[in-house]
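Visitor: Sequence:
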Amino acid sequence: MNSRRQFITKAAAGGVVAAIASKTAWAGGGRGHATGCSVSGNLSGNLSNNHDCNSSNIKGLGPSDWKNILKSRRERESYGVSNSKWKQVFGERSPVGGSKDGSNRLKSFLNSDGMLTTNEALIVAYLNVKSGIYPPPNGQSAEAYVQGLYDDVNYGVYGVNSEQRLIEAVEATYSN
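Numbering-wise, this note's numbering puts 231 at position 134 of the sequence shown, and it's gapless, one number per residue.
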């Protein structure tokens, strides 16, 4: 009887340890190696709401893709997005770094230099959700989703390197 109890206890503990280890392995991944269907999934590693998500079916668009799409009315319509003003998406939240204000359009924040900024990362996350490429968590609007990401970064939810972690999580959802 005692040996059965020990076996059951060890088996249960092993299952919990295996589950914990695999869950942390889901987070992150680097550019082109997304592990969640959304940026927040990559940041948290919590994929409980994303049953059909894995690194083989995540194909987001990056800043240069979105910049080209936002230039063309036909492309914008086909993706269901618009070249909105920052404040229409983010409300009263100012662009990070203050180089532009809330009246600038989203396309103006998208650079082609390959160095992703926090503002670009937020816009890419927003456009990927708004277009339906990534499902928003819990049925949130794309605006509520990206405002939540902005607030999490602003309040340091992901640690002292919250901005860098956001950038890496967004980069993980597309490949250049």
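There could be a bad hint or two in this list.
As the list claims (entries may be wrong) - DSBU-like cross-link-like pairs, simulated, lysine-lysine; straight-line CA separation at most 35 Å:
{"hint": "1", "residue 1": "Lys204", "residue 2": "Lys184"}
{"hint": "2", "residue 1": "Lys182", "residue 2": "Lys168"}
{"hint": "3", "residue 1": "Lys168", "residue 2": "Lys204"}
{"hint": "4", "residue 1": "Lys197", "residue 2": "Lys156"}
{"hint": "5", "residue 1": "Lys197", "residue 2": "Lys164"}
{"hint": "6", "residue 1": "Lys156", "residue 2": "Lys204"}
{"hint": "7", "residue 1": "Lys184", "residue 2": "Lys164"}
{"hint": "8", "residue 1": "Lys164", "residue 2": "Lys182"}
{"hint": "9", "residue 1": "Lys204", "residue 2": "Lys164"}
{"hint": "10", "residue 1": "Lys204", "residue 2": "Lys182"}
{"hint": "11", "residue 1": "Lys168", "residue 2": "Lys197"}
Claimed, not checked - Derived Cβ-Cβ restraints for the label pairs, each shown as a range:
{"hint": "12", "residue 1": "Val257", "residue 2": "Gly177", "range": "15 to 25 Å"}
{"hint": "13", "residue 1": "Gln261", "residue 2": "Ser205", "range": "34 to 44 Å"}
{"hint": "14", "residue 1": "Arg171", "residue 2": "Gly256", "range": "12 to 22 Å"}
{"hint": "15", "residue 1": "Arg171", "residue 2": "Tyr252", "range": "35 to 45 Å"}
{"hint": "16", "residue 1": "Arg170", "residue 2": "Gly253", "range": "30 to 40 Å"}
{"hint": "17", "residue 1": "Asp248", "residue 2": "Lys182", "range": "13 to 23 Å"}
{"hint": "18", "residue 1": "Gly256", "residue 2": "Arg170", "range": "38 to 48 Å"}
{"hint": "19", "residue 1": "Val257", "residue 2": "Asn180", "range": "15 to 25 Å"}
{"hint": "20", "residue 1": "Gly188", "residue 2": "Asp210", "range": "22 to 32 Å"}
{"hint": "21", "residue 1": "Arg170", "residue 2": "Asn258", "range": "30 to 40 Å"}
Please keep in mind that the hints were generated in silico from the structure rather than gathered at the bench. It should be emphasised that the depicted structure is a prediction, and the values quoted were computed from it without experimental measurement. Where a beta carbon is used, it is the ideal one built from N, C-alpha and C, also for glycine.
Visitor: Run through the hints listed earlier and report the numbers of any the structure violates, in increasing order.
Guide: Violated hints: 12, 13, 14, 19; rest satisfied.
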